[in-house]
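Novice: Sequence:
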Amino acid sequence: MTSSSLPFVNSWTEWGPLELVCVGRVDNSCYPNQDPWCYYNYIHDTHLAKYASCLGARPKDRLLKAASELQNLVDIIEGEQIETKTLTELDEDIQISLARNRGSVCGGDTREPTKEPKDRLIVKDKSKTIRPSVQKFDHLLMTPWFTNYYQFSMACPRDMIITLGNTLLEAPTGSRVRYFESSFYRDLIMPIWKSDKRVHWKKAPQPTCSDSMFKLGYPFYFIF
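Going left to right, the sequence shown walks through residues 72 to 295 as this note's numbering numbers them.
Honestly, the hints are just simulated from the structure, not real lab data. Do not rely on the hints blindly, as some may be mistaken.
As the list claims (entries may be wrong) - Straight-line alpha carbon distances no greater than 30 Å define the calculated BS3-like cross-link-like pairs of lysine-lysine that follow:
#1 K273 x K199
#2 K199 x K286
#3 K207 x K265
#4 K131 x K156
#5 K197 x K136
#6 K131 x K207
#7 K199 x K274
#8 K197 x K273
#9 K156 x K207
#10 K156 x K199
#11 K156 x K195
Unchecked claim - Pair by pair, the computed Cβ-Cβ distance ranges are:
#12 R191 x W216: 49 to 57 Å
#13 L77 x G288: 44 to 52 Å
#14 F285 x E183: 48 to 56 Å
#15 R191 x Y220: 42 to 50 Å
Where is the CB? At the ideal position from N, CA and C, for every residue including glycine.
Let the sequences and hints guide you as you build the complete structure.
Specialist: As structure tokens, this is what we get:
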């Protein structure tokens, strides 16, 4: 907020200064049950079939790497001096060295960058971050319309919560494995809503996600 006359939640654009950012978590993330929409969301390739068929807890080493990347994002958001470097890294999945852009708090990444014009130092205002509490995603979930044994995660708050001016809106989802995901952020939303009567908190109508909502087997094509 730039003035006490403004609501605590006051975001009308996607390019204004960041003041408070919700960063998700990957703790206990799972490969979820297959949703009807999954068939249309994945690229159909024989090499990807083994990944699309996974079910259950994700490997701990991958969760640790993902958690480290999210913590680095928190450090960058909260930092005031950020370095961006072009680094050559080995991609362990495909065993090929690739040039990647990496950002870190000034002095946070000690690896030597390649000499690229994109490498630079960014000075910015410090922002605050909030994070949801750790949840479980390997439990039975039942509604009158479907049953799941594994859910997704809550790594992407932007998928579930959107800010429209002074309104926090819980978005509906057509995914069974993310059906109740927005509820995990309510412990964060509640104190914000209570602190300022001008802040609105709404939830859009939730679909049933029953089989009747999907045209199973509908033909489609990927165009690249």
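Novice: All the hints need checking, so say for each whether the structure fits it.
Specialist: Hints and how they fare:
no.	hint	in the structure
1	K273 x K199	23 Å, holds
2	K199 x K286	43 Å, violated
3	K207 x K265	27 Å, holds
4	K131 x K156	28 Å, holds
5	K197 x K136	25 Å, holds
6	K131 x K207	14 Å, holds
7	K199 x K274	25 Å, holds
8	K197 x K273	29 Å, holds
9	K156 x K207	36 Å, violated
10	K156 x K199	24 Å, holds
11	K156 x K195	17 Å, holds
12	R191 x W216: 49 to 57 Å	51 Å, holds
13	L77 x G288: 44 to 52 Å	51 Å, holds
14	F285 x E183: 48 to 56 Å	51 Å, holds
15	R191 x Y220: 42 to 50 Å	47 Å, holds
Violation of the numbered hints given earlier is confined to hints 2 and 9; the remaining hints are satisfied by the structure.
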